Every structure is written in structure tokens, then in C-alpha cells.
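Asker: The chain contents come next:
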Amino acid sequence: MFQMDFLDDIRRMNCRQIFYQFLNFAMIVSSALMIWKGLMVVTGSESPIVVVLSGSMEPAFHRGDLLFLTNYEQEPIRAGEIVVFKVEGRDIPIVHRVMKVHEKEDGAVKFLTKGDNNNVDDRGLYANGQAWLNRKDVVGRARGYVPFIGIVTIIMNDYPKFKYAVLAGLGVFVLIHRE
Amino acid sequence: MSVSSAMEENPPKVNKWDGNALKNALDDAVKDVLLSHFSYIESHKLLDGRLMISSVAVGFSIFALVWDWLYPFPQSSRSVMLVCVVVYFVMMGVLTWYTTYLECGIFCTALNKDVAGIDPDQIWNASSSLKRFDNKYHLCLSQRTGGSGRPKEARTVLTVENYFDETGKLLYASVAKEVLRLYSDLDSKKN
Amino acid sequence: MHTFLSRVNAVSAFSLSTLAALTFLCFASTFLVNYTAPVTINAANVVLKNVPEYAVSREKHDLGALRFDTTADLTPLFNWNTKQLFVYLTAEYETPSNKINQVVLWDKIIRRGDSSMVQLKNQHLEYYFWDDGNGLLGHRNVSLYLSWNIIPIAGTLPLWSGTGSYKLSFPSEYTQGRSF
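So the protein sequences, as listed, match chains X, U and D. Take the first sequence: its position 175, counted from the start at 1, is 175 in the working numbering, and no numbers get skipped. Take the second sequence: its position 53, counted from the start at 1, is 53 in the working numbering, and no numbers get skipped. Take the third sequence: its position 163, counted from the start at 1, is 163 in the working numbering, and no numbers get skipped.
It is worth saying that the hints were derived from the structure and are not from the lab. For clarity, every value in this text was computed on a predicted model and none was experimentally measured. Take these hints with a grain of salt, some might be off.
[Claimed, not checked] Pairs of lysine to aspartate or glutamate residues, derived as EDC-like cross-links and limited to a Cα-Cα distance of at most 16 Å, are as follows:
{"id": "1", "chain 1": "X", "residue 1": "K104", "chain 2": "D", "residue 2": "E94"}
{"id": "2", "chain 1": "X", "residue 1": "K104", "chain 2": "D", "residue 2": "E92"}
{"id": "3", "chain 1": "D", "residue 1": "K108", "chain 2": "X", "residue 2": "E58"}
{"id": "4", "chain 1": "D", "residue 1": "K167", "chain 2": "D", "residue 2": "E59"}
{"id": "5", "chain 1": "D", "residue 1": "K108", "chain 2": "X", "residue 2": "E81"}
[Said to hold, decoys possible] Derived, one-sided and incomplete: chain X residues facing chain U with beta-carbon distance under 8 Å:
{"id": "6", "residue": "R16"}
{"id": "7", "residue": "F19"}
{"id": "8", "residue": "Y20"}
{"id": "9", "residue": "L23"}
{"id": "10", "residue": "A26"}
{"id": "11", "residue": "M27"}
{"id": "12", "residue": "L33"}
{"id": "13", "residue": "M40"}
{"id": "14", "residue": "T43"}
{"id": "15", "residue": "A131"}
{"id": "16", "residue": "R135"}
{"id": "17", "residue": "V139"}
{"id": "18", "residue": "V174"}
{"id": "19", "residue": "R178"}
Positions of the beta carbon are idealized from the N, C-alpha and C atoms, including for glycine.
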């Protein structure tokens with residue numbers, strides 16, 4: 001009986017209103033997309049918000065914490081900073097701390113990272129034969145931190161069926177709900 | 001004069017506790033009365049405007065998505081992305097302005113087309129509002145002639161529970177009575 | 001408030017917005033705080049070798065070693081939004097081949113509730129003091145300073161340095177032999 005009332009609403013809509021329902025859905029998705037792209041432009045990073053995936057920075061960051069990144073060219077990379085980088089050829093972003101920095105006069109910089117919770121530095125993680133990271137490997141510098149929230153993303157990634165169910169449910173709800 | 005409409009025969013049943021559903025049902029009923037009792041034609045200009053603005057906004061966001069996929073950030077796509085984002089939010093602002101000021105709760109515009117084609121059309125606008133958790137449905141019927149002249153307005157407040165029975169079924173006849181009363185009020189009012 | 005669903009909806013919306021407001025308050029209240037503290041650093045037993053750094057290449061690079069003392073009272077840095085401090089000792093210097101060199105020599109994590117006084121005497125280095133080349137020989141101007149990264153409960157992750165540093169000099173000759 002609950003569902004029949006829902007669908008009644010739909011049947012009474014003419015095609016313009018149905019089109020508007022789809023547009024409504026598209027606008028919600030677009031708003032999220034535009035906010036994300038806007039953040040990308042403002043922070044200069046291709047991934048302005050990342051979720052911590054491993055425990056290599058404990059006890060500072062645990063799995064599921066959220067980090068806000070910036071990637072301004074003018075800001076130099078200095079020892080002690082927490083950077084998020086991608087090793088060439090691999091897609092997973094790694095969140096570790098910079099331990100050694102060597103910068104030349106022209107600005108070319110090479111640096112070494114290490115996770116707080118690891119005993120050794122990251123040379124084992126870099127590509128074969130690579131001893132240092134460069135500016136271009138950096139996705140961003142961690143500037144802000146919020147605990148726990150990212151667990152949702154981790155759950156969605158570990159259980160993709162759950163993710164699709166939630167997304168489908170939300171989509172249907174938006175499409176059916178009249179303003 | 002009155003042609004029996006599909007809604008009159010089979011009035012909709014809604015969840016009587018859902019304020020949104022009630023407003024939508026009443027809106028639909030008022031629209032149905034206006035269109036079926038008189039031979040008016042519905043004008044979709046308002047809704048079309050809204051659809052247009054929304055489509056433009058969504059178009060920009062799709063463009064941004066495609067551009068980013070073709071030319072990954074951060075090279076040249078930065079300025080394109082910035083433009084798209086700004087335009088998108090400007091469009092959202094325009095849409096909000098449009099719905100708040102231009103549309104103003106109007107859910108139906110009906111045109112009384114002159115048969116002879118000489119006089120300008122009479123434009124009837126029906127607008128309504130129902131506050132959250134409230135039971136007072138405000139209905140306003142306005143009539144405007146052609147492109148000029150001040151609109152004549154007639155308002156009424158309906159207590160929602162009088163127009164739905166216990167199961168949530170719409171009492172079409174009562175709604176029709178109210179609408180026709182408003183209509184004759186307007187018609188008889190001098191300019 | 002008549003169905004279970006709408007009650008769950010209302011309660012979760014309210015709790016989410018309260019959590020969000022609290023998180024924002026955490027961030028906003030400690031956004032502009034100055035996390036400086038006075039620090040004293042001393043170093044001794046400075047040794048310099050020139051050996052191949054196999055992790056990087058086959059070439060010989062300068063490898064320094066020293067023992068250091070440091071005192072710092074970091075108690076004022078722990079406000080209601082500080083989860084932990086990552087304290088680290090950095091050596092910064094300039095060489096002909098590199099304009100800026102920074103090497104972290106020692107670090108420590110001080111969690112909320114741990115003793116926030118840093119008092120070290122004759123402390124070993126935790127990490128090898130490799131140079132990217134041979135620039136440490138006879139270097140008279142290596143600065144040692146103590147810095148910290150504040151990890152909040154929620155908010156920004158600032159880096160601050162202590163006031164007070166030590167100027168380190170390296171000998172003009174390499175020390176031979178295998179032991180430090």
C-alpha cells in the first residue's frame with residue numbers, strides 16, 4: 001500500500017514533469033561532481049580528499065580517516081610534512097611523512113618518505129631502481145584531518161554490492177520523490 | 001459544460017500524513033478542475049523555463065566530466081574546469097532565483113484562448129503553498145488579460161483535512177466546488 | 001513522526017549535523033593557535049665518514065654521526081584538540097650541489113597523556129645522516145633544530161619549530177675505521 005501511493009504520484013505526472021524528475025536527479029549528481037571539481041581547482045590537487053587505507057601512519061592516522069590535501073606549486077616540500085604520493089605505475093595513493101629533502105637551485109627536488117608506523121623507509125615501495133620521489137609523484141600535502149568518516153568509502157569498496165544497493169536506492173528515491 | 005475527467009472518476013489516494021503528497025494531490029486536483037471544466041489550454045512556459053536552465057547547468061557539468069576524462073587534470077583542463085564549475089553554480093543561482101521570484105509557487109498556467117483570435121488571451125495562474133507540518137493549504141487564483149494589465153487575484157485557505165477522507169482519498173467534489181467559487185469570484189470582480 | 005522510517009531519518013539527520021558542527025568547532029577553535037616552544041639543543045661526538053650508500057647508488061656519499069642533547073617542554077602544546085605530537089630533529093644545510101638539504105635524524109611520537117617533556121642526553125641518531133654527495137666535509141654551518149607536527153582530533157595539521165637551534169660543524173677529515 002505504501003508503494004502504490006508512491007507510484008500514483010508518478011502516474012499523475014505528465015512527460016514534462018517526468019523529464020524534470022530525471023533532471024532533478026542529474027542536478028544532484030552534477031552538484032556533487034561540480035563541488036569535487038571545484039575543490040580540485042581550488043586546491044590544485046587531483047584528489048583533494050583522500051581516505052587513509054593502511055595503518056602505516058598509526059597512531060596519527062587510522063584506516064578510514066579523511067585527509068584534506070593541497071598541492072600548490074609554490075609551496076616547497078620540507079622535512080616532516082605528510083605527503084600523499086603515487087608510485088609510478090601504481091594507482092594506490094600512499095600517505096607517509098617526508099624524512100629527507102634535497103633541493104637544487106633550480107627548484108628540482110628529490111625526497112624520501114617513511115611511514116610513522118614502519119621501521120624502514122619507503123625505498124622498498126618505490127619503483128624498481130628508484131631511490132627518491134619527485135615533485136610530480138606528489139598528489140598533495142595533508143593539510144586537514146577528520147577522523148573516521150572515510151570508513152564509509154572503505155566499506156563501499158570492500159562490499160561493492162552494498163555500494164550499488166545504496167546508490168540504486170538513493171537514485172530511485174530521488175526519481176520518485178516529487179518536490 | 002463540465003466534462004467528467006479521469007481524476008473525478010478515480011480520485012487519487014495519498015498517504016494522508018505526508019504533507020508533500022497532500023499538496024501535490026491538491027495541486028493536481030485544482031489543475032484538473034481548471035482544465036477540464038473549462039476548455040482552457042495549459043501553457044507550459046514556466047516549467048519549460050525551469051527545464052531549460054536545469055538542462056544548461058547539467059550540460060556544463062557533463063562537458064566538464066568529459067573534458068576531464070579526455071585531458072586529465074592538472075594540465076590545460078584547469079581553466080576549463082574552473083569555467084564549468086563557476087557557470088554551473090551561477091546556473092544554480094539563476095534556477096533558485098527563477099523558482100523563488102518568477103514561479104512563486106505557480107503550478108498551473110491555463111490560457112483562455114479567444115475563439116475569434118482577435119482579443120489577447122486570458123491567462124489564469126494557479127499557485128499554492130503548504131507549510132511543513134501545517135494543515136493550511138493556501139490557494140491563489142489569478143487572472144491576467146493578455147500581456148498587460150494588473151492581475152486580479154482571489155485567495156482562499158483550505159484546511160487540508162476537509163478535502164481528504166480517512167483513507168487518504170481526495171474528495172474531488174469539494175475541491176472542485178472551492179475552485180469554481182474562486183473562479184466566479186474573480187470573473188465577477190471589476191478590474 | 002508517525003513511521004519508524006521518518007523517525008530514524010530525523011534522528012540520524014540531527015545527529016549527523018551535530019557531529020559536523022562539533023568537528024567544525026574543533027577545527028575553527030585551534031586554527032590560529034601558535035604552537036611554538038623554547039628548545040635547547042647540543043651535539044657532540046661528531047664523526048664523518050665517506051662510504052658507498054648502496055641503497056641509492058654505488059657512489060661514496062658522506063655519512064655523519066653525532067650524539068645530541070635536547071630539552072623542550074611541550075606541555076603548552078597540548079590543548080583540547082591535540083591528539084598527538086610528532087617531534088623530530090632535523091639537520092638543515094646548504095651544499096654546492098644542493099641549495100637546500102634537510103635530513104630527519106631522530107623522531108618521537110608523544111601521545112596525549114604521555115609525558116610531554118623532552119629531555120635527552122647523549123642520544124643516538126635514529127636515522128643515518130647521509131648526504132646526497134660529499135658536501136658535509138668541513139661543513140661549518142649545519143643547523144640542528146627540533147620541530148613538531150601537531151595531529152589534531154579534527155582540524156589542520158600544522159608544522160612548527162622550536163625557538164632555538166644548534167650550529168653543527170663537521171671535521172675537515174674523514175674518520176677511518178668501521179665503528180662510530
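Asker: Please list, smallest to largest, the hint numbers that this structure does not respect.
Answerer: 4, 14, 15, 16, 17, 18
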